[in-house]
Amino acid sequence: MKTIWLAATAFSLALANPAHAAPRHPKASPPRSTAGGLLGLQGGGSGSSLGLRSLGAPDDLGGPVHAPAPAPRFRPLADVPTSGLDPDLQAALDAARAQVATQPAQAVQRVLDLQLSPDRFTTAQREQLRAPTVELLHAAAQASRSPAQTAQALDAAWVLSGKPKDPQVGAALASYAQQLSSPAESLWVARRALEADPSNALAQSLDEKLSENRYKTLGYSLLGAAVVGTVAALVFYSLGKSADAELTGSVHSRAEADALISKRKTDGLIATVGLGLGIGGYLGGVGLITFGNPHYQPTSPANLPALPEAR
Amino acid sequence: MKRLTILVALAFAGCLQGSPSGDIPCDGDESCPTGFWCGEVGSCSELTSSSPPVLELVGVAQSDEGPFQSEISVPAGTVSGFELKLQNTGGSEAVYPSITLQGPDCLGVDSAYFNAIIQPGEAGTADVEIDPDASCTGPASVEVTMALDTPGATQHFTRSFTGSFTVNLTPAP
Numbered sequence: 196m197k198t199i200w201l202a203a204t205a206f207s208l209a210l211a212n213p214a215h216a217a218p219r220h221p222k223a224s225p226p227r228s229t230a231g232g233l234l235g236l237q238g239g240g241s242g243s244s245l246g247l248r249s250l251g252a253p254d255d256l257g258g259p260v261h262a263p264a265p266a267p268r269f270r271p272l273a274d275v276p277t278s279g280l281d282p283d284l285q286a287a288l289d290a291a292r293a294q295v296a297t298q299p300a301q302a303v304q305r306v307l308d309l310q311l312s313p314d315r316f317t318t319a320q321r322e323q324l325r326a327p328t329v330e331l332l333h334a335a336a337q338a339s340r341s342p343a344q345t346a347q348a349l350d351a352a353w354v355l356s357g358k359p360k361d362p363q364v365g366a367a368l369a370s371y372a373q374q375l376s377s378p379a380e381s382l383w384v385a386r387r388a389l390e391a392d393p394s395n396a397l398a399q400s401l402d403e404k405l406s407e408n409r410y411k412t413l414g415y416s417l418l419g420a421a422v423v424g425t426v427a428a429l430v431f432y433s434l435g436k437s438a439d440a441e442l443t444g445s446v447h448s449r450a451e452a453d454a455l456i457s458k459r460k461t462d463g464l465i466a467t468v469g470l471g472l473g474i475g476g477y478l479g480g481v482g483l484i485t486f487g488n489p490h491y492q493p494t495s496p497a498n499l500p501a502l503p504e505a506r
Numbered sequence: 115m116k117r118l119t120i121l122v123a124l125a126f127a128g129c130l131q132g133s134p135s136g137d138i139p140c141d142g143d144e145s146c147p148t149g150f151w152c153g154e155v156g157s158c159s160e161l162t163s164s165s166p167p168v169l170e171l172v173g174v175a176q177s178d179e180g181p182f183q184s185e186i187s188v189p190a191g192t193v194s195g196f197e198l199k200l201q202n203t204g205g206s207e208a209v210y211p212s213i214t215l216q217g218p219d220c221l222g223v224d225s226a227y228f229n230a231i232i233q234p235g236e237a238g239t240a241d242v243e244i245d246p247d248a249s250c251t252g253p254a255s256v257e258v259t260m261a262l263d264t265p266g267a268t269q270h271f272t273r274s275f276t277g278s279f280t281v282n283l284t285p286a287p
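For the protein sequence lines, the chains are A and B, in the order given.
Be aware that the first sequence starts at 196, since it is given in my numbering, and climbs by one per residue.
Be aware that the second sequence starts at 115, since it is given in my numbering, and climbs by one per residue.
Chain A with its partners taken away, still in its complex shape (with noise of 0.2 Å):
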């Protein structure tokens, strides 16, 4: 949030005496509704407010200067209000509230704007703005439509409030996961939801989808299948030469030349298909197991993380 003050009497001071445009203590704590003390004007903007505030009594204008010249009048306004939240700021989250059932988009767009604000005085606000930040997200999480949006003002809240363990989070980023069409994007939400509730199940099953070997078990399938087709093979073909021996060793009859003839046909048969199965169950074992896994580096989506993770 951008303020700025303007010091509309300090530049007419300041020419009758630059003593008095001394600047403001950041640790004083001035009257906050004393008569010329605060000037305020509120701008209408999300989370921007535009702060007039004046730096001397309205005497002070255009008086006659003396010397020497008095100590300021004015004390530099405090970071954080006595009580409650700077008008601006009270404002800006009523905006957003009266926004949030028809607008929940911008109603969460307002108060994450108030989060991030460099502004020196919404920081030093922002412990009183996160319980009704909170409260405003979670409505507009229940008043959004969209999974992004949905998923988006959840995850605010959840920063916010600690990053406790929350299945409600979980679930609405395990939901927006599964919708995500970019693997790297979904993956990285997916984590996000284990984060907030390791025991997702959605989540537990998209991360394992997206960044673990899905055919790891079938390739190692593969292998055992090309060693058993491999000692396959071996057996039958030694028992497939035997059989040769024996009908090329000595005269038989025609039924036991027959005979040894099919046998040997099988068993060759049975070796050629357990040594296809040896190397194909090999070459695709070992080809599921070394390129089978997926290659996606988690890539977290335009709207997330809704604020940044070290607050």
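It is possible that some hints are incorrect.
[What the hints assert, rightly or not] Under 8 Å between C-beta atoms, here's a sample of chain B residues computed to sit facing chain A:
no.	residue
1	P134
2	I138
3	Y210
4	T214
[As the list claims (entries may be wrong)] A few chain B residues that don't get close to chain A, going by computed Cβ distances all over 12 Å:
no.	residue
5	T239
6	A240
7	P285
[What the hints assert, rightly or not] Where chain B lies over chain A, by a calculated footprint (3+ residues, C-beta under 8 Å):
no.	segment
8	313-327
9	345-352
By construction, these hints were calculated from the structure, which means they are not laboratory data.
Being a predicted model, the structure only gives us computed values, none of them experimental.
C-beta atoms are modelled at their ideal positions from N, C-alpha and C, and glycine is treated no differently.
Add chain B to chain A, keeping to what the hints say.
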């Protein structure tokens, strides 16, 4: 590497799918597997690559010129010579077939030895003598056995074929 693997696999598989690695010994067609025949050297050959010799009796005639028929007329009580024609309708050469004639004793037929090789699809003739008794009456049937021996085989066996012709006897001159 992959090509070598495939070649090894094919070689390995082919070993037991084709013909036996060695010769299958035999002592006759009946000792060979179905689809094989027993060759001259006593080993089985596949019928798809070759076939055995087959001898058929074409007929008999008074001279080489023919005509060769299933009947011949000879005078009784006289020694006569005639020609016997064989045809090799098989796929391999018929090597030195021996011919045995068997008829009534009074007919006086003798066996013949065919001292030649009959190539597949070709024919050959053998000279045969007949010496019927004067008392012999016809017609008489003569059984012809044509045998092919396998002298080169480890175990000898004989491939035999049969035929017949009729001898009509005319009165002695």
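Against the structure, the hints come out as follows:
1. P134: 5 Å, holds
2. I138: 6 Å, holds
3. Y210: 24 Å, violated
4. T214: 27 Å, violated
5. T239: 35 Å, holds
6. A240: 33 Å, holds
7. P285: Its Cβ never comes within 12 Å of chain A, the nearest being 53 Å, so this holds.
8. 313-327: violated (count 0)
9. 345-352: The restraint on the segment 345-352 of chain A is violated, since only 0 of its residues have a Cβ under 8 Å from chain B and three are required.
The earlier numbered hints that this structure contradicts are 3, 4, 8 and 9.
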